[in-house]
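**Q** Starting from the structure of chain A, add chain B where the hints point.
Chains as they are written, first to last, in my numbering: chain A, 1 to 461; chain B, 1 to 461.
Since no wrong hints were added, every one of them can be taken at face value.
One side only, chain A facing chain B, incomplete, derived with CB under 8 Å:
id, residue
1, Phe147
2, Leu148
3, Tyr180
4, Arg248
5, Ile316
6, Val416
7, Gly418
8, Glu419
For lysine-lysine, the following DSSO-like pairs were computed, each having C-alpha atoms within a straight-line distance of at most 30 Å:
id, chain 1, residue 1, chain 2, residue 2
9, A, Lys223, A, Lys278
10, B, Lys447, A, Lys271
11, A, Lys342, B, Lys28
12, B, Lys271, A, Lys448
13, B, Lys28, A, Lys341
14, B, Lys447, A, Lys447
Away from chain A, derived, C-beta distances all over 12 Å, residues of chain B:
id, residue
15, Gly44
16, Asp224
17, Ile235
18, Glu427
19, Leu459
None of these hints come from the bench; they were simulated from the model. Heads up, the beta-carbon is just placed ideally off N, CA and C, and yes, glycines get one too.
Protein chains: 2
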Amino acid sequence: MATKIKNLNYIFNPKSIAVIGASQIEEKVGGVVLGNLVNGKYKGKIIPVNPKYTEILGLKCYSSLSEFGRVDCAIITTPSAIVPQIAEECGKLGVKSLIVLSGGFGEVGNKDLETRLRNAVAKYEMALIGVNCLGVLDTKTGVDSIFLPMHKLQRPPAGGVAFITQSGAVGSSVIDMVAYYGVGVSKFISYGNATNLNEIDCLEFLEQDSETKQIILYIEGTKDGKRLYEVMKRINRKKPIVVLKAGRAEKGSKAAFSHTGNLAGNYLAYKAAFRQAKIIEAENLDELFDFIKIFNQPLPVTGGIAVLTNGGGLGIITTDAIESSGLRLADFSARANNTLKKILPPYASVNNPLDLIADAKPELYNSAVEVLMEDATVGALIIIVLFQVPAMNESIIEVLERASGDRRKPIIVIGVGGEYVSRFRRELERRGVPTYGSPQAGVAALKKFFEYSKFKGVLKE
Amino acid sequence: MATKIKNLNYIFNPKSIAVIGASQIEEKVGGVVLGNLVNGKYKGKIIPVNPKYTEILGLKCYSSLSEFGRVDCAIITTPSAIVPQIAEECGKLGVKSLIVLSGGFGEVGNKDLETRLRNAVAKYEMALIGVNCLGVLDTKTGVDSIFLPMHKLQRPPAGGVAFITQSGAVGSSVIDMVAYYGVGVSKFISYGNATNLNEIDCLEFLEQDSETKQIILYIEGTKDGKRLYEVMKRINRKKPIVVLKAGRAEKGSKAAFSHTGNLAGNYLAYKAAFRQAKIIEAENLDELFDFIKIFNQPLPVTGGIAVLTNGGGLGIITTDAIESSGLRLADFSARANNTLKKILPPYASVNNPLDLIADAKPELYNSAVEVLMEDATVGALIIIVLFQVPAMNESIIEVLERASGDRRKPIIVIGVGGEYVSRFRRELERRGVPTYGSPQAGVAALKKFFEYSKFKGVLKE
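Isolated chain A, as found in the complex (with noise of 0.2 Å):
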């Protein structure tokens, strides 16, 4: 592995952080990453550098990074004239890695100054993550360098899924969506105009991490086409990829060219490489964050789908996304019909979708569980809760959490609705169970789940 992707080792696990361009300015750059540092879950030392201050948050300030010494990482949100300049003597004192958050860039049209960062970070095999980008956050070390305040834009809690992102806006809209339902990550990779490390360098890195379960990857644009393919196809059989390539008609090729100076390429080459190396590909922003919570669950070894409900309804409108995404319902077996009836009430016929009708309890969620757990017909369960029927109640939770637990086959919630219900989906997230606000997303999640088993030899069908 190349010297500049073993440092970034040092980006995500740094013994020191000096935050050059550090302001006491809350609403600047370098006041929030200073502020999310020194409040967030980080422990090494902390450096800020900037000559117009002597303290900032309590910390000693220095006008250099050269009166204060070494560190393993400098986050770097200066002006980009004088990024060069501070690389060489990052470089000169030994450090391992920058992240460069500045803009004003080639995506500005400043090429030279760009080839000039480039050349420097290079001289020293230094790791480089930017410019013009948010940098990392990893959930377990504390470091954090993404420039949005903690309190407007919440960090996910520690899990398994990987970020790389080619747009920063992007990323942090969608870690923001995550943080919200509880979602664990491991790594943020936000890389900006990949001056010197790109998301083929973040993958490799990502490949080794032994926190990264799952990979989510935007991008606008690659340099690297034939590589990145080679790589994402490699990777995708141990850890799945989940990949948004924006950019793709005419003018949001153009606008991706404006935004970080990269060539979008055709968009038909990518969706074919992706379709040829079996990468998951999310069409928009809902379905990426709809593509990342299932692959929590086991993988199916059977098609058919079990749907049950407290709402005959939302049972039909799942239904219909079902088949018309070409998944399937099960026909459940004689055996498992027959205990179903004996466990439902006398009104409630058995079907698949399996209503059980508004004034189900949970423990009539937990007995239809049971019995399409042990039903070989059974690949998958949506298990669609309409939370707000007066014979609902907390105890659900308990109820979905065993089912997924249960570990021999894949379940997705579907809760729809307000404020009282998002209660129960993100409590239902933060014990792993992936939960959908509509029938639409989950089945959409569920049928690339499907696909990704059968690329891996586990659902044959």
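**A** This is chain B only, laid out in the frame that chain A set:
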């Protein structure tokens, strides 16, 4: 208009309501409904009826309605077997309208029981909503028979959107979503088995209802497709109708039949009819919800869309969505370009999508919106806000409210994220500004709105 439809007025604006089957047990349907009336906005007289009790929630409870006498409306929550005789009793007393929440009729095979009820109701020309439903909500008069407790299912504020739903589960879920975002609703009707009044009757009633400006319809099937088509076509010219047809595919259709006893029919025939009548069809629940919010905006007169953003990547994704949906970006006039150049910082370039860069303050949004409102090339504005960046603050709400209040062009706001973003979105929705949680959702809604504008002859391209 038939007497039974006229009598719907007694359902939505009754001077007195009897709850037959009222209960002291809070979780029972008859307990929830009585509680919601007593604790809600309804100002008329409430009469609990149940031979088991002498008092509920401080109100005198009658052993039968005859003991009390005539009311304008009776909500019936008793077991199905005794509903026909209660309806007969109500008819004799001169009750004008019934809401029967009870299930256990045709949908579980008790066709004769339902016919007996239908005949009793017809004899007295009463209006009957139900059976097997949630009944109605009137946000103005406070009539509320939705048997989901208010702390679990929020009620929306008063406004112009009316709902007609065959499924209580679907209807209540959507109402809950709508209430969460504060979208204004006039009337909600869950009509279940359509024993006496069906979706066509409800549509004709809402056609005349001065509170209702727009109609949302969820149907699984109908008994008179031809008439439904004619009525929808007529009303859609005056009040836009958004429809979700469920029970489409083979199994979905079968499930719909066992749900409310209606044949779902051939979905393609429905689809063709909707297209012919220019009805706005939602493909799924997400779309149904998304399509509701945009119709309070002025109809666009030209097809060019301006995209404003403070996050480049989100602008690119939005551009992709616009192009792939067959809409188009505006080519700003030379005059607009020149003015924009003056107000934007020197490092920002004037393009569409217009990237105001992450440090854009609300004032810059305001100036850019003013320019684009003036520019004849722009038919609609998509305003993307990364609310979480340090430069953004609460005053963006006034800027966006002013943009929406301008009324020369429709605007939508896109905000992607978690709790912090959700607070902004809810405040904006309360002020009548349509917001969306993803580019995809906003663009899909805009596409339907453009089609409707074309149908109305306002958009001419």
